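Peer 1: The opening position of the sequence shown corresponds to residue 4 in our numbering, with each subsequent residue numbered one higher.
Quick caveat, the hints were computed from the structure, so don't treat them as lab data.
Any given hint could turn out to be false.
As the list claims (entries may be wrong) - Derived DSS-like pairs: lysine-lysine, alpha-carbon spacing no greater than 30 Å straight-line:
hint : residue 1 : residue 2
1    : K49       : K11
2    : K117      : K79
3    : K79       : K125
4    : K38       : K49
Note that this is a predicted model, so its numbers are computed, not measured.
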Amino acid sequence: NIAHSGVKVNVIPDSAEVDIDIRTLPGDDTEAVRKMLRDAIGDLWKDVEVVHEGSNPASSSPMGTPLWDTLTRVTKSLIPDSTTVPFLIVGATDARFFRRKGVVSYGYGLMSEKIPFGQFAKMFHGNDERVDQETLRLMSDLWEQTARAFVG
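I would like the entire structure built from these sequences, with the hints used as guidance.
Peer 2: This is the structure in structure tokens:
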């Protein structure tokens with residue numbers, strides 16, 4: 004998020020511009036976002052001009068599908084103490100394009116237990132982006148076994 008205003012430190016600016024990247028949850032729409040902003044800004048809302056609103060709504064796929072059940076079984080075979088649960092991420096994936104066409108799509112993967120999730124998450128698109136060998140092995144096994152179980 005970026006804020007721009009003023010021309011000099013000791014002068015109250017006539018206007019300000021704020022660029023905000025808002026990621027919505029599945030089911031939220033533009034009006035829900037506008038209401039949240041109105042509530043947060045309060046009386047100043049009358050002076051706000053919204054210049055651009057994106058149109059890339061969040062999407063999700065249901066659990067309990069044949070693919071979800073297969074992923075759960077394969078994951079259990081690879082990591083016996085695991086539980087498959089839904090998880091929303093703030094980033095965007097190509098899965099949204101498939102979902103818009105009615106195709107069930109999951110952003111799914113397994114990570115090495117050697118790296119805590121917080122540390123793993125910091126490695127995505129960072130200066131030192133990498134994946135450890137254990138995670139690569141788990142992912143390879145997951146997708147091979149899922150393909151064999153799902154398509155026969």
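Peer 1: For each hint, tell me whether it holds in the structure or not.
Peer 2: Now for the hints, and whether the structure bears them out:
Taking the CA atoms of K49 and K11, the gap is near 26 Å; set against the 30 Å cutoff, the hint holds. Straight-line distance between C-alpha atoms of K117 and K79 comes to about 18 Å, which keeps the hinted pair within the 30 Å bound. As the CA atoms of K79 and K125 are separated by approximately 26 Å, the hinted pair is consistent with the 30 Å bound. Between K38 and K49, the direct Cα distance comes to roughly 13 Å. Compliance with the 30 Å bound is thereby established for this hinted pair.
Comparing the model with each earlier hint shows no violations; every hint is respected.
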